[in-house]
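Engineer: Now for the letters of each chain:
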Amino acid sequence: MENLISQERVIALPSARKEDWREAIPRILIKAKPGLVELDCRDWKLSCRDLKKIISFFEKAGLKINLIRSNVVQTLVSASALGHQTVLRLGEQSKSSSYEENNNSNITRKSSLLFHEGTLRAGEHLEADGDVLLVGDVNPGAKISSGGNVMVWGRLRGSAHAGKFGNQNAKIVALQLRPLQLRIANEIARGPEEKPQEGLAEEAIIESGQIIIQPAKTNPLP
Amino acid sequence: MSTNTRIILICSGKGGVGKTTLTANLGIALARTGVRTAVLDADFGLRNLDLLLGLENRIVYTAQEVLEESCRLDQALVKHKQEPNLALLPAGNPRMLEWLKPDDMQRIVSMLSDQFDYVLIDCPAGVEDGFKNAVSASKEAIVVTNPEVSAVRDADRVIGLLNTNGINPVQLVLNRVRPKMIASQEMLSVDDVTDILALPLLGLVLEDEQVIVSTNRGVPLTLSGINSPAARCYSNIASRLQGEEVPLIDPAKEGSGMRDKFRRLMQTKIF
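Here the protein sequences line up with chains A and B, keeping their order. Under the numbering used here, the letters of the first sequence match residues 1 to 222, in that order. Under the numbering used here, the letters of the second sequence match residues 223 to 493, in that order.
Everything labelled a hint here was simulated from the structure, so no lab data went into it. Please read all numbers here as calculations on a predicted model, not as lab measurements. Every residue, glycine too, gets a C-beta built ideally from N, C-alpha and C.
Here's a subset of chain B near chain A, in silico, CB distances under 10 Å, partners left out:
(1) S358
(2) D376
(3) R379
(4) V380
(5) L383
(6) N385
(7) N387
(8) G388
(9) D417
(10) I418
(11) L419
Isolated chain A, as found in the complex:
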């Protein structure tokens, strides 16, 4: 049994820019030995239907998927809808290890930035190790969390967690900041009750041990 588990491997689809996964899969699966595998979908945006197809190919080859990685959020939402464990993968150029090295000090510009376009709806959760920039809204019931800063180019009405590994200097910026709950590092705050002023981008930071909200600074990355 132990042998089987230690044999767990990662099978990656080709990058979306290079080759279609539909063509690549037969070739990939011929080489694969049966057992438990992780599936890395890279930059493919896959629907539930696509994923089901891929999973059935894998099953025919005797492969059981225990984890799905991807750097596209839609794919992860599809995967978790199918009941799979998922991990968000950072961009090819930035390794998560390089981020951990400067985790103790301030987040620097070198830290990886995850960019996501589209609204997060109730029940969806966007997670990243570094900074995250979302173009769209975070609806009530949705969650966005990151090891670095959370930036929302839209309305933040769900929950947000910045600096989830303990970075007290992380901040949360949004065009309209009306969250249900805010977390920075280990601090938790409820969102403001009153409606925010229109047309005023705001940010949440930790000041003397408390989360405060103030008009956003021009440079979002400290």
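Add chain B to chain A, keeping to what the hints say.
Structural biologist: Okay, now just chain B, sitting in the frame of chain A:
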């Protein structure tokens, strides 16, 4: 499989917001315009589309027998007496939940789409297997919600799932709108809801006591010929679904008295 058939899922996430009522009324309203319409009850656990249409006592076979191939599709279809363009494919017994797979659902729907122009699927509440089966067979969707925080939250979740399943277009129907309560800011306004859900609004349905009466009688409002506010709303939705441009009702302009409401509705030209 005919490609022109519109296969529309009617779903909401939350229960009790009016999926089945909308399915029944929309089915009748579409059939009245002359298109061949099928309504499929995909709520196998708690079926009651047959009740609302007043067809409960005429069911002989169900979708279950069709899938088991112990009867033909046209034997199971229950034609509506007054509206022959409308047919119901009833849900089988609740045990179907245990074995029904998305493939089965797709088989039924593809059979229906050979014979009909519109297939309306009444989706069960929730986002579990029953929902997934229904989604797998649909092309487009109508999300029904009420102007309530919990219904909107569930609708939002459902819309996210519809998007990942490639359902397009997804349109919104806001049901049980009470103009008075919106005016006094006790109820979410239409803008509040569309602001969060960010979907094209297919229609509003005003709160109407006649809906309860018609449900109990098993005669859908759109059929009974009563000039009720909700019946108008349902007919408008059917027209918009077929591409006609019908202006939306403005809840702020809805008079408080019933007579006032009627007069205004009589004046609106619909066809």
